[in-house]
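Given next are the chains, with one letter for each unit.
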Amino acid sequence: MKQALSERAVTERPMIEVIGLGHTYESRGVASRALEDIALTVQAGRFTVIVGPSGCGKSSLLMMMAGLRRQTEGTILVDGRPMLDPDPDRVGVVFQDANLFPWLSAIDNVAFPLMLRGLGRSERLDRASAMLELVGLGHAGARYPSELSGGMKQRVSIARGLVQDPPVLLMDEPFAALDEQTRMTMGEELLRIWSQTSKTVVFVTHSLSEAVYLADEVLVMSAHPGRIIDRIEVELPRPRTYEMMATATFGQLRDRIWRQIRSPQPGNPA
Amino acid sequence: MSRASMLAARLLLLALALGLWEALPRLGWVDDEILPPFSAVFVTALQLLQRPAIHGDLVTTGLQLGAALIISVPTGVLLGILLAENKRLAQVCEPLLYFLFSVPKSIFLPLFILTLGISFWQKVAFGCFSTILIVLMSATAAVRSVREEHVLTARSYGATRAQITRHVYLPSMLPVLLEALRLAVIFSTTAVVLAEMYASRSGIGQQIASWGESFMMRQLFAGVLIVSVTAIVINEFIRWIENRCSHWRS
Amino acid sequence: MSPSAIRWLIGGILLVLWEVLPRAGLVPQLFLPALSQTIAVAIADWRIFAEALAVTLSEAAVALVFACGGGILAGALLGSVARLRGLLLPVVSSLYAVPLVVLYPVFTAWFGIGAQSKIAFASLYGFFPTLLGTAAGIQTIDAQLLVTARSMGATLSQRLRHVVLPAAIPTVIASLRLGGALVIVGVVVSEMLTSSAGIGYLITSYRTVLDSPRVYVGILLVLLLGVLLDLGMRLLEHAATRHRPSAVPRRAAPAI
Ligand SMILES: Nc1ncnc2c1ncn2[C@@H]1O[C@H](COP(=O)(O)OP(=O)(O)OP(=O)(O)O)[C@@H](O)[C@H]1O
Ligand SMILES: [Mg+2]
Chain A
1 MKQALSERAV TERPMIEVIG LGHTYESRGV ASRALEDIAL TVQAGRFTVI
51 VGPSGCGKSS LLMMMAGLRR QTEGTILVDG RPMLDPDPDR VGVVFQDANL
101 FPWLSAIDNV AFPLMLRGLG RSERLDRASA MLELVGLGHA GARYPSELSG
151 GMKQRVSIAR GLVQDPPVLL MDEPFAALDE QTRMTMGEEL LRIWSQTSKT
201 VVFVTHSLSE AVYLADEVLV MSAHPGRIID RIEVELPRPR TYEMMATATF
251 GQLRDRIWRQ IRSPQPGNPA
Chain B
271 MSRASMLAAR LLLLALALGL WEALPRLGWV DDEILPPFSA VFVTALQLLQ
321 RPAIHGDLVT TGLQLGAALI ISVPTGVLLG ILLAENKRLA QVCEPLLYFL
371 FSVPKSIFLP LFILTLGISF WQKVAFGCFS TILIVLMSAT AAVRSVREEH
421 VLTARSYGAT RAQITRHVYL PSMLPVLLEA LRLAVIFSTT AVVLAEMYAS
471 RSGIGQQIAS WGESFMMRQL FAGVLIVSVT AIVINEFIRW IENRCSHWRS
Chain C
521 MSPSAIRWLI GGILLVLWEV LPRAGLVPQL FLPALSQTIA VAIADWRIFA
571 EALAVTLSEA AVALVFACGG GILAGALLGS VARLRGLLLP VVSSLYAVPL
621 VVLYPVFTAW FGIGAQSKIA FASLYGFFPT LLGTAAGIQT IDAQLLVTAR
671 SMGATLSQRL RHVVLPAAIP TVIASLRLGG ALVIVGVVVS EMLTSSAGIG
721 YLITSYRTVL DSPRVYVGIL LVLLLGVLLD LGMRLLEHAA TRHRPSAVPR
771 RAAPAI
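Line by line, the protein sequences are chains A, B and C. Its first residue numbered 1, the first sequence is counted upward by one per residue in our numbering. Its first residue numbered 271, the second sequence is counted upward by one per residue in our numbering. Its first residue numbered 521, the third sequence is counted upward by one per residue in our numbering.
For reference, chain A alone in the conformation it holds in the complex (with noise of 0.2 Å):
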């Protein structure tokens, strides 16, 4: 499966195309320029990371694409079609805090999407117990979240987003609440788990080592209004390891991005 799936560069389709988005806020009549000019193209099965200062506009961004929140200009197409309403066939949604339901076990959260669509019971849980055997929680689906522990939840979480089995994943800040480690050992994860699925991924983080460490390609942003201001190939090989976070590469491509953020200007164009 893993060789089948490092040859997934070579089809090269267009999952998501975001062309000439624009977002004005308005909130007592006050209007205010979130996002402005952004156009992106995300291969299937891409690894794409957004970084960039704080309310530059990634989490809106990110839910536009999920059909959460409607731009004013612009249009998002995801697998050729435009992104109007969420639509969990297309793309699942994982976000900062698990937001697990607590009256639900972990499996039947993470059945949750599915019994929205009126999958039978038995169908259901057979589908979500693959999920958390994915994500490494095959033994936990009984538990409530509260019996959880932060990685464990955003672990159900990531189960959550994928038991429909959609093409594209947005995570907005998923590992932001968890401690480093945890944290490594969930950027590790989360490529095992995308590597064996081929799912397109757009990860928004403020980690620039994670960002690096994860992504096929860095879009960076810069603030007010919120512009992509530039591109990152990351042409370290996969699978990624610790040990790369060591290399001079990697060095000069945490260092690249840092120097785009801090930088005052968004004066430098992709």
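None of these hints come from the bench; they were simulated from the model. Treat the hints with care, as some may be off.
Unchecked claim - What the simulated footprint calls covered on chain A by chain C, stretch by stretch (three residues with Cβ under 8 Å from a Cβ of chain C suffice, anywhere in the stretch; the number is not a length):
1) 80–88
2) 93–100
3) 110–118
As the list claims (entries may be wrong) - Here are a few chain C residues that sit away from chain B, every Cβ distance over 10 Å (derived from the structure):
4) 555
5) 567
6) 582
7) 660
8) 758
A virtual CB, placed ideally from N, CA and C, is assigned to each residue, including glycine.
Following the hints, position chains B and C with the ligands against chain A.
Chains B and C with the ligands in isolation, oriented as in the chain A frame:
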């Protein structure tokens, strides 16, 4: 919605309610023996307020209420502070107090009559009994709401004990204490009025009960109106002070 | 000694004093009849008390339906619609200051001295606190859960059914607990004021003939009823909130 339009909407709501009250009997949809129109009740209330006998009743009720508050609030606050400062005492007493707090107080009213007779002090005592626990528990909460870090910070700048009391404890505790006062007023009003309605020779509560028994609906509604408006005005007044003292809280 | 041991000790001492003080003549029997005497009276007259209790309970049950039905519905509405909340919540908490008991004579004048007046008063008495409690509880529902459900394509009715409803259960139970305590007080108070049946009526009739032991029995029964109801509701609450560490902020019933 802005504050002004919110207020306007609320006034409109009030006008609507009063309009309905006026219209129902006037249009003959409800017998005006059962529900006298608002205007008639209002006029009756104004007339009642000019009668010396009613003055006497209001003064009696007010004195009982005042006495109950003057006794129960300081006592409750002192006991509450004592409880908050004494960990051992708190461990022993708090579950008991919590239980007593949730016990309905009104059913004890007959005991106050058995022991104190039907008297001024019986109503004051019942008022205190109904009020003191809420004050006590609020005072404990108030002391505990003072953040240790603030005290430490003040001490690290060399504040004296008096200064800490004045500048840290008081401002932190004041809003909670005012809230306690507000609840105390609500609770003791209910207690005193209930005691008057239950068994009494004077007081506005006793008047309301006897108007009810003799089906004097205008007077009855006027009495309800007077009591309600007074209670709401006092409550809002304390709330207003509360807001002024805690403007820094969001 | 552990705090709970001290509490048991205090309780024990109080019971002993309750027996000894009146017997020794240190407290008049009229003020405090001896514990044993009170119990003896309760056993002798159990049928009378049981019948009165049944009347009170059935009226409280009906009032609970009105108070909690209305309070939970209105509270859910206020809790979920921000605009309505901003408009009405201050009004409701102003009205909370009114001593509702002054309305009881209005009800007896309207409905007569019977079950109707008591039920009307008790329903009203339980309504506002239930409303406020429910509104506060509904507001604590995590908005993120709704966004999450939406991201999975949940329709509005699915969100209500599978997210809002289960999330609101602890709040509803807490409201029932509060409302239950209040409607019992409401019924008993109205029975004490003017009525012809029920445990509150019994307490007042014995009070007027200065029959202290029976007054005490009546009061103790009402207390017992409250404690049992609270216990039952708490078990229910516990069962429903097993997996939720801090589902609903605790509110003690502000019973007067
Ligand atoms: N619902 C909203 N109404 C008005 N303005 C909003 C809203 N949501 C976000 N904004 C504004 O849009 C801008 C972008 O917000 P967004 O949450 O997308 O940023 P972000 O890049 O995800 O930030 P962070 O890294 O802190 O999560 C911010 O200035 C924010 O204040
Ligand atoms: Mg964000």
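Hint check:
no. : hint    : verdict
1   : 80–88   : holds (count 4)
2   : 93–100  : holds (count 4)
3   : 110–118 : holds (count 5)
4   : 555     : holds, 15 Å
5   : 567     : holds, 21 Å
6   : 582     : holds, 19 Å
7   : 660     : holds, 18 Å
8   : 758     : holds, 17 Å
This entry satisfies every hint, going by the numbered hints stated previously.
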